[in-house]
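Given these sequences and hints, build the entire structure.
Line order of the protein sequences matches chains V and G. Counting in the numbering used here, the first sequence runs without a single skipped number right up to 734 at its last residue. Counting in the numbering used here, the second sequence runs without a single skipped number right up to 203 at its last residue.
To be clear, the hints were calculated from the coordinates, so they are not data collected in a lab. Heads up, the beta-carbon is just placed ideally off N, CA and C, and yes, glycines get one too. Don't take every hint at face value.
[Stated by the list, open to error] List time: in silico SDA-like cross-link candidates among lysine to any residue, alpha-carbon distance up to 25 Å:
1. Lys158(G) <-> Glu77(V)
2. Lys253(V) <-> Gly17(G)
3. Lys186(V) <-> Arg176(G)
4. Lys253(V) <-> Asp85(G)
5. Lys158(G) <-> Gly280(V)
6. Lys158(G) <-> Pro246(V)
7. Lys158(G) <-> Lys464(V)
8. Lys186(V) <-> Asp85(G)
9. Lys464(V) <-> Glu548(V)
10. Lys158(G) <-> Asp85(G)
11. Lys186(V) <-> Ala55(G)
12. Lys253(V) <-> Trp151(G)
[Claimed, not checked] Reference excerpt, derived from the structure (chain V facing chain G, CB under 10 Å, subset only):
13. Trp28
14. Val133
15. Asp136
16. Leu137
17. Asp182
18. Arg226
19. Val255
20. Gly259
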Amino acid sequence: MRPFDERYHTALEDPDVRTGLTAFQRGWRESRDAAIADLEAQEGRSFDELRQELAAIKDDVIANWDRYLDEFTANAEAAGAEVTRVATPGEANELITRICRDAGVDLMVKGKSMVSEEIGLNHHLEAAGITPVETDLGEWILQLAGETPSHLVMPAIHKRKERIAELFERVLEREFPPDDIDRMVKVARTELRERFLASGVGLSGTNALIAEGGSVMLVCNEGNNRMSVALPPVHIVTAGIEKMVPTYADAMKQVRLLGRSATAQPITVYTNFVTGPRPGQRQHILLIDNGRSAMAEDPEVAAALRCIRCGACANVCPPYGVVGGHAFGHVYTGAIGLVNTASHHGIEAAAGPQSLCVSCGACATVCPTDIPLPTQILEVRRKVVEARAPAPCDRATHLGIAAFGQRWLVDLGFRAAGIVTTPLRSDGVTKVPRWLAERPGLRERVGWRTPPAVPLRPARDRLKRGKLDEPPRLAAQPLAGRTVQLFLQCLSDRLAPDIPKAAAELLRAAGADVRLPREQHCCGLPAYDAGEQDAARAMVRQTIATLEGVDDVVTPASSCLAMLKHDAPHLLRDDLDDLERSQQLAGRTYDLISYLTAGPGRLPAGALDDGDATPVTVHRFCQASNTLERQDAIERFLRDVAGVEVVPLPEAEVCCGFGGSTSVRNPELAAGVLDRKLGCLDQTAAPILITDNPGCILHLRGGVHATGRQVEVLHLAEYLARRLPGAAVRQATA
Amino acid sequence: MVGDAGGQEAIISTPDGFRIAVEAASSRYLEVGDWDAVIAHLSGGAGAGDGPDRAPIALAPSLAAAQPDLVDRFSEAGFTVVVPDGDDPAAQVADVPVAVVRGELAVAETGSVLIAEHALGDRVVTMLCRRLVQVVDADTIVDRLEGAADWLRERRGKPGFASLMTGPSRTADIERSLTIGVQGPDEVEVVVLTATPGGVHEA
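As structure tokens, then:
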């Protein structure tokens, strides 16, 4: 496979990839959500219950692998199959070649098999003089084009119909109008039919191995998989051993979730249960390990073996929507590819695509086996960092993270930057002079996103006690007599000090005594995100020590809340003492919206209704939706408490593309994801965009500014502070 | 949102639920009394032809073996009946447009028909003919996929090839655009026999 950087840039340069995949993702989302809602109604159970049930079945298999493999083997052999366990791709390829040679076969028809891609079977067969013919339409298109699948279920989804028509015209020497998809699809029947009948061997993958019956379950829609299996005199099954399920009833539970998650179908057209060969046929089943037993022993990634290869994780992944599977993954694509590639193809193959994940957490919400993909991706990223696998700017990131751990250094750096950039500071942004903006390294980073202004003084200076005005008072005082520790967030402290300042003002207006723990610095999220877990642990411990003790902790940064609630317990799991401290802290830490709606700061309806009815729209910070499971809390609050009209933002919960280090390392990718978000924003025509994560705000503000859009991007706190009694007067005199 | 059915209780009603699911899968649904009605149905309709023009029809070998009279009854209605067997059954059905098979059971939840097709002759008729007629007894319709799992479990350890078939073959591999009729049949009819209670064979 070509190097990652090359694959990444090829994908960016092909305009078809992004337009095609974004349309695909949107269409899939709508139909999949409807299919899952139907399933929930049919079963009278939630998606979460159903997927946890399937996850438990798969976990039982992973924990008792040998027993189930033995049971399957005994039953399949009783039905006449020859079952072989193979450890490596090399062994598998040699065995398959030998079977073909023994049968005197030089043409193989193939049903769709990701495992055969994993082991590189086609190359091996061709070298041995055996011609493999892919018979799945998508796989066949790719074979004709000399490409590999970019998606687990829709292998050719990156190719537009015009390209496929061109390909068919070239290869088949006939005319193919690009709008006649029907004609292109149906040519597969005529071209492939005789291959099925002429071939001496058919090869398939498997969707499930059923231990109690020795059956191989195969699903397909086109019918090609069945024909590959059923017609030739030799049938070879390539099966990853993680495909095992104990019973037929378990397989049906998988069927219910697989079709809906893959293609929004209640069931695929064909669900075949193949038990042994037909009369006159030989059947060879290869149970392939290739790193799977090692995964089962590794608690960080074992759950990835639950995967049923539906592709849903790719279908909701915003970076996948920009670059597609050839860059976002290796042989296995999407979020699962970012996890299992390291186990099947080595840490170096897994390294490059790691930097494309924005950690938005969307994949985990749709996975039908409830794999904790975001956490697993960060564990693989840690291993990539530890192995020093070649990835761009690793050394620089490492040094940068180490420096970021030192609060005094960060403070000094930002104050110096504030002084240096003073002549460039203008209206909240840094105007980079043209000669500098054209330089390589900056060129691809500032053109599409104007950098924020670096203020002379951080928020912590502006919020010193004694420097604060007497706050305005709301009629409702839910926080009277309550002390609130404000966790500023490192980023807004230095780059968006108006955000914590507005949050403090709002909390004081509701009666709180707001304190600012002096030693606070960074929750550790940037380090965790970069795979630098030792540094992240040090920072999260420092944060816990700083905020420990009394009172509520409120932060205007939802990303820090996700870190403290969700990621800190994972990072500190080996130290029970620290784990307990982190959980105690998480229990009394809120982001602003949860504090004002579900926490002690609950404000009554109309409390912030100042009569201004300018419509607004809301971007939902992705981790708040996907990790903290917050849905429309901000929208409801704005309607009920501020009395404002909220225009729904299409794809409100889809990541904006900031993604922490992603937008630094892969600015082109971040720009692509941002572009999708701004396109949705345009549809609302709202003059104000509200969200509550400072990273998103800086990213969105920069994008809005660089594209000349007339939209004000505000943190929820900033927007609400404007609606406090006397706010207009204070602003005018400030 | 989740309904209030609670527990594992399914809210699928057989057989009306079966009909709805069959049609949702782009198959045609038909209820008839017995095989005579099936033959009459296949004799009529556009494109069926008449007398010597009538298109040949393939019967699954397992069906012809279980109900040998069917071959004669289709022949009497003017069909050239092909029951593929021997070394090259695929060649025998290559130009036969219609195939008739019998389902072991049907699943209301998904609109699927479970077809057992162990022998090569049984496989070629479901795979190669353009129009597939799946005949199933009304009293073999089960509510849920678990009913099909029970059937499979009862036969575990024995060689076999059983397929839940749900609609005509299809693909969305090009730009996610749905096309019906790809490599397998492009027209599927599910015919439910209402007048053969409990019997796999007619008298």
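Status of each hint after checking the structure:
About 10 Å separates the Cα atoms of Lys158(G) and Glu77(V), which keeps this hinted pair within 25 Å; it holds. Pair hint Lys253(V) plus Gly17(G) holds up; C-alpha atoms about 20 Å apart against a cutoff of 25 Å. Simply put, Lys186(V) and Arg176(G) have alpha-carbon atoms about 15 Å apart, close enough for the 25 Å limit, and the pair holds. As the CA atoms of Lys253(V) and Asp85(G) are separated by approximately 37 Å, the hinted pair breaks the 25 Å bound.
Straight-line distance between C-alpha atoms of Lys158(G) and Gly280(V) comes to about 16 Å, which keeps the hinted pair within the 25 Å bound. Among the hinted pairs, Lys158(G) with Pro246(V) is consistent with the structure: their alpha-carbon atoms are about 17 Å apart, no more than 25 Å. For the proposed pair Lys158(G) and Lys464(V), the alpha carbon gap of about 79 Å is over 25 Å, so the pair is violated. A threshold of 25 Å between alpha carbons decides the hint, and for Lys186(V) with Asp85(G) the separation of about 28 Å lies outside it, so the pair is violated.
In summary, the hint linking Lys464(V) to Glu548(V) is supported, as the alpha carbons are separated by about 20 Å, within the 25 Å threshold. The straight-line distance between the Cα atoms of Lys158(G) and Asp85(G) is roughly 22 Å, inside the 25 Å bound, and the hint therefore holds. Between Lys186(V) and Ala55(G) the alpha-carbon distance is near 23 Å, which keeps this suggested pair within the 25 Å criterion. Taken as a hint, the Lys253(V) and Trp151(G) pair is honoured in the structure, with Cα atoms around 16 Å apart against an allowance of 25 Å.
Proximity of Trp28(V) to chain G holds as hinted, the smallest CB-CB distance being about 7 Å (cut-off 10 Å). Annotation: interface hint on Val133(V) violated; nearest CB of chain G at approximately 13 Å, more than 10 Å. Taking 10 Å as the C-beta cut-off, the interface hint given for Asp136(V) holds, the closest approach to chain G being about 7 Å. For Leu137(V), the interface hint holds, since its Cβ comes within 10 Å of a Cβ in chain G; the closest pair sits about 4 Å apart.
For Asp182(V), the interface hint holds, since its Cβ comes within 10 Å of a Cβ in chain G; the closest pair sits about 5 Å apart. A least Cβ separation of about 6 Å between Arg226(V) and chain G falls short of the 10 Å threshold, and the interface hint therefore holds. Hint status for Val255(V) relative to chain G: holds, with the closest Cβ pair at about 6 Å, below 10 Å. Evaluation of the Gly259(V) hint against chain G yields a held restraint, the C-beta minimum of about 9 Å falling below 10 Å.
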